[in-house]
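There are 2 protein chains.
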Amino acid sequence: MNNTFLKACKGQKVKHTPVWLMRQAGRYMKEYQLVRSRVDFLTLCKTPDLAAEVTLQPINILGVDAAILFSDILIPAEAMGMKLEFTEKKGPVLGEPIRTKSAIDRLIIPDTEDSMPFVLDTIRILRKELEKKVPLIGFAGAPFTLATYMIEGGSSKNFVNVKRMMYKNPGLFSLLMDKITATTIEYLSAQIHAGAQTVQLFDSWAGVLTPHDYENLVFPHIKQAIAVLKKLKVPVIYFINSCAGLLHIAKKSGADVIGIDWRVDMGRAVRTLGKKVSVQGNLDPCILLGTPEKIQESTRDILRKASSARGHIFNLGHGILPETPVENAIALVEAVHAYKKK
Amino acid sequence: MNNTFLKACKGQKVKHTPVWLMRQAGRYMKEYQLVRSRVDFLTLCKTPDLAAEVTLQPINILGVDAAILFSDILIPAEAMGMKLEFTEKKGPVLGEPIRTKSAIDRLIIPDTEDSMPFVLDTIRILRKELEKKVPLIGFAGAPFTLATYMIEGGSSKNFVNVKRMMYKNPGLFSLLMDKITATTIEYLSAQIHAGAQTVQLFDSWAGVLTPHDYENLVFPHIKQAIAVLKKLKVPVIYFINSCAGLLHIAKKSGADVIGIDWRVDMGRAVRTLGKKVSVQGNLDPCILLGTPEKIQESTRDILRKASSARGHIFNLGHGILPETPVENAIALVEAVHAYKKK
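Read top to bottom, the protein sequences are chains X and V.
The numbering used here puts the last residue of the first sequence at 342; the count rises by one with no breaks.
The numbering used here puts the last residue of the second sequence at 342; the count rises by one with no breaks.
Keep in mind the hints are simulated off the structure, nothing from the lab.
All the given hints hold, so there is nothing to weed out.
Put simply, identical chains are the same to the list, so a pair is met inside one copy or across any two.
When the alpha-carbon atoms are kept at most 20 Å apart in a straight line, the in silico EDC-like pairs for lysine to aspartate or glutamate are as follows:
#, residue 1, residue 2
1, Lys157, Glu88
2, Lys90, Asp72
3, Lys168, Glu327
4, Lys168, Glu323
5, Lys168, Glu297
6, Lys89, Glu152
7, Lys89, Asp40
8, Lys252, Glu215
9, Lys157, Glu323
10, Lys223, Asp178
11, Lys294, Glu215
12, Lys294, Glu323
13, Lys294, Glu334
14, Lys168, Glu293
15, Lys305, Glu215
16, Lys168, Asp301
So that you can see chain X by itself, here it is in the shape it has in the complex (with noise of 0.2 Å):
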């Protein structure tokens, strides 16, 4: 068993950086591709086999340190009671916005075995084929980020609805946040039971508030969930989008691992989060459809400066592109093992 990603979550030494990319499964590779041409996005989601077959494809092909369940994070969403819909055009979408206090009373807080069992399924298949191999990831949204999709009924440039809500009336905004935040809990806690070894709670939108209003009206529902989930006894990873202006505030959410993305300086995200919490990133997945010479020269770079974080893991800054060469991706993962620290 390579436990080189579960050591570095809790800052114990390791003989190297694990390494793991967010979407690693996914449309730069043709084995995904392969799967997709039978099934619709939201049919993989939900099929045991498939999913797990997938989740597995990057451990396989690129050699990285750590699975992550192959899924989405607008599922929960649609158990909580929404339409959910995957355009080719639009990304996601969620029939019926919710804007008003019937809306979010209408809302379920589910049992995941109940109705989300696929998830559950998933993960039991994945810990048996991976067993002597790498650690398993379960994931969920963070409640900001589904609290956007959900009240802007999906993708937004501006996030006005979710904004207006939050300035007009930040009581109906703290009601919808509770109950995604129970959601969240129990969501990420049946992960963990059916046998999730780590969680990531991805939080792709936080970076667009105020530090002020991301402190007040966002950052309370994280520490809540942290805290519950951490009685389980697995890691738990934070990552942030555009975490630069909130990384003092992220520093106390009670995290096991705090993952931030590129448009920050490893050197002084590590210096602003201190020695307590371990550090994910943050290549730009750009620099992936580059040469090989810039992905050696961006990947050292990235390594020297999180030498001196807890423990590091090294990952994107966000989700591999499509665009992505997978050579280019097979390359990282050989220069994460490779490097050698001073």
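Knowing the structure of chain X, use the given hints to seat chain V on it.
Below, chain V without anything else, positioned relative to chain X:
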């Protein structure tokens, strides 16, 4: 003449904090909509009488402390030889994106008086109209921001083509940046000679870069442009969107004022920027969709935190949104002017 704006740019003492709003002439105002109902956006930019008319609207209606030339950052890209269109759906579209050396070689460094005389005519009209009122700000897109549109052919989600060029062919990217920087210097110098009393460089997209790449591939062009412009003895404002990870670099730009977005705490920004520059910003434009209490509270929080800066010009962290109620913009200006420094 209300010169609080010019004084704050230079860090001189002012009776009240000056305020203007990015995109203060815009769709949220019915007086603007009325002008736009008669002409398309590009025609408006290119018709000095009309461009001057909409420039003046917020001076009278909001009572802001500075006027900013009504124009678009892509006007010089058209003058360099590209085909520019604005579509309702996709926003700006630049035909035949620049991806090769021969495409770069075909671009010209335009003479502003020859190819964009309407910009200078608008400035000349405005200086007459604004006499004894408020100063006039000229502007241009910063070279990297212009490069993103020219390489992508319009707006972009992941900036894959820009970054591919930066990472695979930095020499080519540098060649393009040189040509855009020369254009920007000529363009802003002409604006100053025509009467602009301050110029702002808009770096709307610098924040998508790693600090490392920003510092090495983009920042030298910024410093070069600012160094030349400063010889013309008017204040230079350098605005960076998503600046949080870049401020420690931007502080060395040579600009008189650094404009910041709302994703960074004003107090932390001032500490990073130090005492040699003034700061501009940084209310989340979405806060103007909130309650009067939220607007007041957020405005005072920023004013208080910026009080330790060399100088402060209040502004939004990005352009005002079309959804903004005009009365909220007026209330914001009043709140800034009413604030008494402790």
